[in-house]
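Trainee: Top to bottom, those sequences are chains A and B. So the first sequence is numbered by my numbering: it starts at 1 and just counts up by one. So the second sequence is numbered by my numbering: it starts at 379 and just counts up by one.
Hints in this document: simulated from the structure, not taken from any laboratory. This structure is a prediction, so every number in the text was calculated from the model and none was measured.
Going by beta-carbon spacing under 7 Å, a handful of chain B positions derived as facing chain A:
1. Pro-654
2. Trp-671
3. Tyr-698
For every residue, glycine included, the Cβ atom is placed at its ideal position computed from N, Cα and C.
Protein chains: 2
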Amino acid sequence: MEYSVHLKNDRFLRALRREPVDCTPVWLMRQAGRYLPEYRATRAQAGSFLAMAMTPELACEVTLQPLRRFDLDAAILFSDILTVPNAMGLGLYFIDGEGPKFERPVRSPADIDRLAVPDMETELRYVMDAVRLIRRELDGSVPLIGFSGSPWTLACYMVEGGGSKEWGRVKALALNEPAAMHKLLGVVTDAVIAYLSAQRAAGAQALQVFDTWGGTLSPSMYREFSLPYLTRIARAMDSGAPARGSTGSPRTGGDSPRTDTGAHTPLILFGKGNAPHLDALFDSGADAIGVDWTVTLEDAARRANGRVALQGNLDPAMLYGSPDAVRAQVRMALDSYRDGNGGSREGHVFNLGHGMSPDMNPEHVAVLVDEVHRYSAR
Amino acid sequence: MEYSVHLKNDRFLRALRREPVDCTPVWLMRQAGRYLPEYRATRAQAGSFLAMAMTPELACEVTLQPLRRFDLDAAILFSDILTVPNAMGLGLYFIDGEGPKFERPVRSPADIDRLAVPDMETELRYVMDAVRLIRRELDGSVPLIGFSGSPWTLACYMVEGGGSKEWGRVKALALNEPAAMHKLLGVVTDAVIAYLSAQRAAGAQALQVFDTWGGTLSPSMYREFSLPYLTRIARAMDSGAPARGSTGSPRTGGDSPRTDTGAHTPLILFGKGNAPHLDALFDSGADAIGVDWTVTLEDAARRANGRVALQGNLDPAMLYGSPDAVRAQVRMALDSYRDGNGGSREGHVFNLGHGMSPDMNPEHVAVLVDEVHRYSAR
Chain A
1 MEYSVHLKND RFLRALRREP VDCTPVWLMR QAGRYLPEYR ATRAQAGSFL
51 AMAMTPELAC EVTLQPLRRF DLDAAILFSD ILTVPNAMGL GLYFIDGEGP
101 KFERPVRSPA DIDRLAVPDM ETELRYVMDA VRLIRRELDG SVPLIGFSGS
151 PWTLACYMVE GGGSKEWGRV KALALNEPAA MHKLLGVVTD AVIAYLSAQR
201 AAGAQALQVF DTWGGTLSPS MYREFSLPYL TRIARAMDSG APARGSTGSP
251 RTGGDSPRTD TGAHTPLILF GKGNAPHLDA LFDSGADAIG VDWTVTLEDA
301 ARRANGRVAL QGNLDPAMLY GSPDAVRAQV RMALDSYRDG NGGSREGHVF
351 NLGHGMSPDM NPEHVAVLVD EVHRYSAR
Chain B
379 MEYSVHLKND RFLRALRREP VDCTPVWLMR QAGRYLPEYR ATRAQAGSFL
429 AMAMTPELAC EVTLQPLRRF DLDAAILFSD ILTVPNAMGL GLYFIDGEGP
479 KFERPVRSPA DIDRLAVPDM ETELRYVMDA VRLIRRELDG SVPLIGFSGS
529 PWTLACYMVE GGGSKEWGRV KALALNEPAA MHKLLGVVTD AVIAYLSAQR
579 AAGAQALQVF DTWGGTLSPS MYREFSLPYL TRIARAMDSG APARGSTGSP
629 RTGGDSPRTD TGAHTPLILF GKGNAPHLDA LFDSGADAIG VDWTVTLEDA
679 ARRANGRVAL QGNLDPAMLY GSPDAVRAQV RMALDSYRDG NGGSREGHVF
729 NLGHGMSPDM NPEHVAVLVD EVHRYSAR
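Looking at chain A on its own, in the form it has when it is part of the complex (with noise of 0.2 Å):
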């Protein structure tokens, strides 16, 4: 490959390895989005949302805007959660103001024996294309984060035909027919896992599944539909224990920019509502896990000791205070993190809990990306 194999800043992979960073990291997931005018002007360009993730060029346009105007310490690529459904004959459209939604649903066992798992450099190419052109303008300014959503959530989709508010078909499906759920799942999971390699051999180096539908499962089929295909891969991408507790490794020593190329690429497992799960999701082989605000980073990373990296934790809704208001929640996370991390702040990747929303004010952005690095130096 013809990308540069340094990174001039790899705060983010040190502490996704829980080692020694000057300070905290932190991207913000649906950092690139209609909060910037910029992305707007470019969406604008596009004619649609589709036609945009669908185009290399303006897909990587968009994920650099965010790093352009921030200190982001990570890009992630610009693209939609349900492009694998799409490749696997779903039909994926968009209504504005209605999400996404799928022409062709899945909504019997007869559907769900036609998926195969959609070959990803031809069907998907586009979406390593992007991937390629990113990696190529960051020229290792930052590392770029690939994406996927869980084999669950997009199930959801799948079955739903679209969003959903109670997700009542998929979860009929799950109870009445759970061998089709799980055949459903199981060719989902591997279009996941080759999505993923795709976008790693394509140069992502750190991978993140959107479980954002896991949390509205009751415990029991939490544990039978959604965690056994995130742990699968999460062992798939052997995001094992080559990443986890090894400083001594050829790849992590010092504090100079270094080598990526052939290094373990992490995975981090962010799950909205995922809370009661977290003591099996630190053993599922991920690097890291994501969390959202309904629980404090002191109370995760003193359940997490030391297995994996942490990401999160700030209620987006936190933007719409002061800058004061901002920095104080900033200050608050980090704290919580380090107090239940042995008063070590290694390990924590700084994030919302979920998405930016469009009515956000970039210069709240510039504020909580200024404090987390501001007063986590010290």
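We have chain A; now place chain B onto it with these hints.
Mentor: Below, chain B without anything else, positioned relative to chain A:
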């Protein structure tokens, strides 16, 4: 008062006092609702949702409808959660498919200064008239539950002017103007206490507070902006020591129908997403805590350790499952409670973890109710 003072079925009140019962009592949040054709007929007759809620005869009719179909152990007043802010002058209205809205939301400290506790027997007389009418019509068959939204939940709608995905405006007010927010919550709490007291005086035999949106707060914000007001309500309603563990009280002995006039009126605090806060809620002074399905009843009961009764907690979406799946889920929830409660089913009120939806099948509700009684009577 002219009502019958003998309850033919007092299972629900006995369970709230953690007394022995012949089987576990059950009622369902939003058991009166659009999933019933007879409800839709009354709604059409009324012309609007608000007209139905504000006409005691119609509110009484829809309250009683589910009891004619199902062997439920309690009735719950049919009303809207936002009657109190409406009586405070905010101008409640509904647009079909969009949920409730306020014409004059609370946006500034000056708006808050203008708020006052409404008079219950004038501005909210239609609610009290409905309670009196329902009590008369129930004729002692089952107890009637009165209810209110929690202060935080009411403040959410009052500040946003309607529902919200993120509650950014109300959280911003809490962050930026905490003194104003506490003033708002203070006057709303006074109003809620007056409202619940008036319902009790009118004949409600149990009371429930719905903290629907407390679970969207971080733990520190929950402890500041929701919990203290729930606790104040519980203490003010005097639902403390007298009801708990007082099996020797003159009102609670024996298996035969008994008088309830003048007895302590139990209070249930329900909170969606309240699992992280159960220990504090168990000490709030409430008689029972209602939980959603993201926590197991086994875990909740173990943590409660006899301090309170528990209400819950089936995922409402389970009603989309087949009758056999519904039965299996019911048995699992019943056993989960028993396992956490030292092998006893006492102190459990079966319910969903959230309200029912319009597209649910009434036949599945019958299956659920009958299975609760059948299985727990063994």
